[in-house]
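Place chain B on chain A using the hints.
Number of protein chains: 2
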Amino acid sequence: MRGQVVLFGDSITEQSFRQGGWGAALANAYARKADVVLRGYGGYNTKWALFLLHHIFPPDSGRPPIATTIFFGANDAALSGRTSERQHVSIEDYKQNLRKIVLHLKECSPTMQIVLITPPPVCEEGRHAYAKSLYGENAMKLPERTNEVTGQYASACVETAKEMGVFSVDLWSKMQETDGWQKKFLSDGLHLTPDGNAIVYQEVIKIFNKAGLSADNMPLDFPHHSEIDAKNPEGAFQQKCF
Amino acid sequence: MRGQVVLFGDSITEQSFRQGGWGAALANAYARKADVVLRGYGGYNTKWALFLLHHIFPPDSGRPPIATTIFFGANDAALSGRTSERQHVSIEDYKQNLRKIVLHLKECSPTMQIVLITPPPVCEEGRHAYAKSLYGENAMKLPERTNEVTGQYASACVETAKEMGVFSVDLWSKMQETDGWQKKFLSDGLHLTPDGNAIVYQEVIKIFNKAGLSADNMPLDFPHHSEIDAKNPEGAFQQKCF
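Protein sequence lines, in the order shown, are assigned to chains A and B. For reference, each letter of the first sequence is one residue, going 340 to 581 in our numbering. For reference, each letter of the second sequence is one residue, going 340 to 581 in our numbering.
Hints are computed from structural coordinates only; laboratory data are not their basis. Please note that the accuracy of each hint is not assured.
If chains are identical, the list can't say which one is meant, so a pair holds when it fits in one copy or spans any two.
[What the hints assert, rightly or not] BS3-like mimics (lysine-lysine), calculated; alpha carbons at most 25 Å apart, straight line:
#	residue 1	residue 2
1	Lys549	Lys471
2	Lys372	Lys522
3	Lys570	Lys439
4	Lys513	Lys372
5	Lys513	Lys434
6	Lys471	Lys522
7	Lys480	Lys545
Bound conformation, chain A alone (with noise of 0.2 Å):
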């Protein structure tokens, strides 16, 4: 049957199929050709990533993913010694946790499309305007994230994708390339908006093109109708079922 594209992450997969979302967009832009599969994970950092990584992923299951998209670093990039602390985690160990996740999925498949995408850039005041609305005046003075810590960690994916000769998505340079990113592609300084969601999404598109996985290219799963024949349908279903 046809290939899967694991969409591997934390909230911002998870949230991926909401309205505008760009897993949705993916899963639209390959219908009929490949199937995309959700497998987003709100809160989670890479740490806990490593405990699904093998029942998501088993090695012996004969039909690995055709590609997969890494979208971890959020939640690493937490603060040390402020409300998220639970989900720090530090740079050298985040790199490792993607180093082990890229080198299981290679053993999965040799030929699996790997695409590690950075945490998008961090809006510290939007990230507060959020806490507020949650907790009032109670709500943390100090970031639980900022964006330069965030934007450390956005470089260690890069170079871990380097190191290891896959794919990489810098989402943090690429968003703070537009005027005005904080509000127009961040949601509460954290998550994405519609626009932001679009900008993963033509990256990741963009990657999959140079990859061979152009949808353009890649055959329908039957027939197309208008190549049915009305009086002898089974003719085109004998050619191209498989």
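Same frame as chain A, but now just chain B:
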């Protein structure tokens, strides 16, 4: 692993992951709980769908879907003797084909929840405007589908669902309860606007809830991040991983 919900149908299913699409909304609602699998085939009628049945739903898969939506009829209802004649299937054959599809799914799994969805209503004026936008003055003056005839297919679909003891969504009737359904729910007199997609989503979710497939009551596939003890993450995964 997780159960699968398969969306089997024509273009209205194939396009269901576009912006505001009902398929994407289902995938979002079942994130971390079930996989929503897109099996939509633009232009297909139930006669051609039968050729796909054993490929998409192999009887011996060992892992049949937990639920399937069957959403055909818009093409079966194309009128004989008009521009879309090749897609026409008689009402009797439409019913018989739906019966075959349901029977096959029941053979695959006696516990699968099956939902037949009727074609949406047709706005003949909208269809004509669409044809003119494509073909100008060469557009056929006579409609290739009428709302009245499509309504007969919708009734046949509901009857067949009753006869076979499976669920149905009478989309044709439901949409026409709202004033201005012609433009509110249909983009070209046949396919769905985001508002039209929202109706399909709401109606399907209602049935899934009745059928014991409420996403709210289904367990997460892995621990919620708040259940993970940062100092002893293994604990949460030992309990919750299968």
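Quick rundown of the hints versus the structure:
In this assembly of identical chains, the alpha carbons of Lys549 and Lys471 never lie at most 25 Å apart, being 43 Å within a copy and 38 Å across copies at closest. Taking the closest pair of Cα atoms, Lys372 and Lys522 never come within 25 Å of each other, the shortest separation being 35 Å inside a single copy and 31 Å across copies. Within a single copy, Lys570 and Lys439 get their C-alpha atoms only as close as 55 Å, which misses the 25 Å cut-off; across copies the closest is 20 Å, which meets it. With identical chains, the CA atoms of Lys513 and Lys372 are never at most 25 Å apart, being 28 Å at best within one copy and 32 Å at best between copies.
Taking the shortest alpha-carbon separations for Lys513 and Lys434, only the intra-copy value of 21 Å comes in at or below 25 Å, while the best inter-copy value is 53 Å. For the identical chains of this complex, Lys471 and Lys522 are intra-copy neighbours only, at 17 Å inside a copy versus 41 Å across copies, given an alpha-carbon limit of 25 Å. Proximity of Lys480 and Lys545 under a CA criterion of 25 Å is satisfied in neither setting, with 39 Å inside one chain copy and 43 Å between copies.
Of the numbered hints stated above, those contradicted by the structure are hints 1, 2, 4, 7, listed in ascending order.
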